[in-house]
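Visitor: Chains A, B and C are the protein sequences, given in the same order.
First residue of the first sequence: 0, per numbering that gives the first Met the number 0; consecutive thereafter.
First residue of the second sequence: 0, per numbering that gives the first Met the number 0; consecutive thereafter.
First residue of the third sequence: 0, per numbering that gives the first Met the number 0; consecutive thereafter.
Since the hints were derived computationally from the structure, they do not count as laboratory data.
Certain hints may be false.
[Claimed, not checked] Looking from chain C toward chain B, a few residues come up when the C-beta cut is under 10 Å (computed): (1) L14; (2) E25; (3) P31; (4) A33; (5) I38; (6) E42; (7) C106; (8) P118; (9) V119; (10) A128; (11) R132; (12) F141; (13) D155; (14) T192.
[Said to hold, decoys possible] Label pairs and their calculated CB-CB ranges: (15) A:D7 with C:D147: 48 to 56 Å; (16) A:G54 with B:N16: 28 to 36 Å; (17) C:V59 with B:R82: 42 to 50 Å; (18) C:A76 with B:D27: 32 to 40 Å; (19) A:S99 with C:G174: 36 to 44 Å.
[Claimed, not checked] Here are a few chain C residues that face chain B, going by a calculated C-beta distance under 10 Å: (20) Q84; (21) T104; (22) W120; (23) R127.
A virtual CB, placed ideally from N, CA and C, is assigned to each residue, including glycine.
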Amino acid sequence: MAVVVTKDFVPELVRTGGSTRVHKAVAPRFRVGDHVLVRNIHPEHHTRLPRYARGKRGIVEHDHGVFVFPDTSAHEQGEKPQHVYSVRFTARELWGPQASERDTLRLDLWDDYLDLVV
Amino acid sequence: MNGVHDLGGMHGFGPVNPEPNEPVFHHDWERRVFGVAIAGFGGGHYNTDQFRHAIERMGAVEYLSSSYYEHWLSMLETLLIERGAITKQELDARREQLSREAK
Amino acid sequence: MPDHSHTAPPSDPELRIKALESLLVEKQLIDPDAVDAIIETYETKIGPRNGARVVARAWVDPEYKARLLADGTKAIAELGFTGVQGEDMVVVENTDEVHNVVVCTLCSCYPWPTLGLPPVWYKAAPYRARVVRDPRGVLLEFGTRVSDDVEVRVWDSNAELRYLVLPQRPAGTDGWTEEQLAELVSRDAMVGTAIVPAQGAAS
Numbered sequence: 000m001a002v003v004v005t006k007d008f009v010p011e012l013v014r015t016g017g018s019t020r021v022h023k024a025v026a027p028r029f030r031v032g033d034h035v036l037v038r039n040i041h042p043e044h045h046t047r048l049p050r051y052a053r054g055k056r057g058i059v060e061h062d063h064g065v066f067v068f069p070d071t072s073a074h075e076q077g078e079k080p081q082h083v084y085s086v087r088f089t090a091r092e093l094w095g096p097q098a099s100e101r102d103t104l105r106l107d108l109w110d111d112y113l114d115l116v117v
Numbered sequence: 000m001n002g003v004h005d006l007g008g009m010h011g012f013g014p015v016n017p018e019p020n021e022p023v024f025h026h027d028w029e030r031r032v033f034g035v036a037i038a039g040f041g042g043g044h045y046n047t048d049q050f051r052h053a054i055e056r057m058g059a060v061e062y063l064s065s066s067y068y069e070h071w072l073s074m075l076e077t078l079l080i081e082r083g084a085i086t087k088q089e090l091d092a093r094r095e096q097l098s099r100e101a102k
Numbered sequence: 000m001p002d003h004s005h006t007a008p009p010s011d012p013e014l015r016i017k018a019l020e021s022l023l024v025e026k027q028l029i030d031p032d033a034v035d036a037i038i039e040t041y042e043t044k045i046g047p048r049n050g051a052r053v054v055a056r057a058w059v060d061p062e063y064k065a066r067l068l069a070d071g072t073k074a075i076a077e078l079g080f081t082g083v084q085g086e087d088m089v090v091v092e093n094t095d096e097v098h099n100v101v102v103c104t105l106c107s108c109y110p111w112p113t114l115g116l117p118p119v120w121y122k123a124a125p126y127r128a129r130v131v132r133d134p135r136g137v138l139l140e141f142g143t144r145v146s147d148d149v150e151v152r153v154w155d156s157n158a159e160l161r162y163l164v165l166p167q168r169p170a171g172t173d174g175w176t177e178e179q180l181a182e183l184v185s186r187d188a189m190v191g192t193a194i195v196p197a198q199g200a201a202s
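Work out the full structure: start from the sequences and follow the hints.
Guide: Pasting the structure below:
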C-alpha cells in the first residue's frame, strides 16, 4: 500500500531508512568456521549471488543475523528470512593459481546460497 | 539472473578513471531522478530488491551503454507502470506533449 | 517473469523524468516539495565529512574504536549518522597486515549516512568488474600501492550490510584534535582506494 512522502517526513525517512533485518528467531544452517561450498545456481530471477562465487569454497567468518531473502522479496514471494554470513574466499580460489596467494575477498551470503563442506 | 550487471571479474572495461572532486549530480535531470526514486521507495511503491531487479532487466546493451541515473530512470518507468501507479499510455502521451511544447 | 520490451530507443532523460514527475505529481503520488527536500539532503547535508568524524573519533578514543569494530551500526549512530543505506553497518579496520577495499559488483551499494552518495567511478563497470579480481591494480590507478606482505581484503557489498573502511591513523599527527584529524580523512580512504598519508613537518 503506497503512501505519499511529504516534505515534513523526509528527515525521518532519511534518518530511519529501511533495514531488511528480520527480528525473528530463525535457526542458522552454518556456524563460524564452517567450510562452505557456494551453490552453483543460475536462477533467472533476482539473486544477489554473483557468478564469480558460484561453485567456490569459502569459510564462514561471521554470522550477520537474519535478513529478508532478496530472491523471493523481489518477486512478491515473501521475505523467507534467513541468516546472512560473511564468507571468506582466497583470491586463488576465485581467480586461479596466478592470483595473489595472500589476498582475500568476502561476500555476504544467505543460507540458501550455501552448502556445508564436510 | 545472469545479467550483465553481474560484473565481478569481467575483463575489458578499461581504466577506472576517477574524476577528481566530482559533483554529487552532473545534470539537473539526475537530481530529479534521484529524488523521485527515493520518494517512490519511501512511499512504498517498490522495495530495494524490486528496484534492483528492474535495472537488471534493462537488457545488456542498454545497461552498458547508459549512465547510472539512466538506469534509475529506466527502473522508475518499469516499476511504476508494472505496479499500476501510471500507465504506459499516460506516460507516452505526456512525453509527446512535452516534446511538442519543447519545439 | 514479465519482460519490458523496448521497441523505441530511449529518448532524452530530461524529457523522460519531466514527463514522469509531472504525471506522478498530478496523480498526487509524490509531493514535489518532498522530492526537493530529498535532493537537498543528499546534495548538501550528507557526505563523507560524516564518515571522517567517525574515523577521527576512533583514532582518538580506543573505547569508541572497539565499539565501532564490534557493532558499526550502533557506534556510528552515537554520532548521529543513521538511516537509508546505512541501517546495517560494518566497519573494517586497516592495519599493518590488512588493507581493506569495498565494492558493490552487482550495483552500487554504499554507506550513504557516512559517505553520502557514491562517486561515478564506484558505480561504473570498470571498478566493479576489476577490483574484485585485481584490487592492487585498481589501487595503483588511485596512486595507492599496497606492499606484498600486506593482505588486500575486498568486501563485495552484495547484501544489505554496508562497509566503511577505518584507515590507519597516519604518522605525524600526535596530539592533533579530532577536528584536525577529520580534515585528513578522504572519502577514498574510507572506501579503501586511498590511505591517509603521513603528515610531516617538511611538505
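Visitor: Please go over all the hints and tell whether each is borne out by the structure.
Guide: Structure-based check of each hint:
no. : hint                          : in the structure
1   : L14                           : holds, 6 Å
2   : E25                           : holds, 9 Å
3   : P31                           : holds, 9 Å
4   : A33                           : holds, 5 Å
5   : I38                           : holds, 4 Å
6   : E42                           : holds, 5 Å
7   : C106                          : holds, 6 Å
8   : P118                          : holds, 6 Å
9   : V119                          : holds, 6 Å
10  : A128                          : holds, 4 Å
11  : R132                          : holds, 5 Å
12  : F141                          : holds, 7 Å
13  : D155                          : holds, 7 Å
14  : T192                          : holds, 8 Å
15  : A:D7 with C:D147: 48 to 56 Å  : holds, 55 Å
16  : A:G54 with B:N16: 28 to 36 Å  : holds, 32 Å
17  : C:V59 with B:R82: 42 to 50 Å  : holds, 49 Å
18  : C:A76 with B:D27: 32 to 40 Å  : holds, 33 Å
19  : A:S99 with C:G174: 36 to 44 Å : holds, 38 Å
20  : Q84                           : holds, 9 Å
21  : T104                          : holds, 4 Å
22  : W120                          : holds, 4 Å
23  : R127                          : holds, 4 Å
Consistency with the previously given hints is maintained throughout, with no hint failing.
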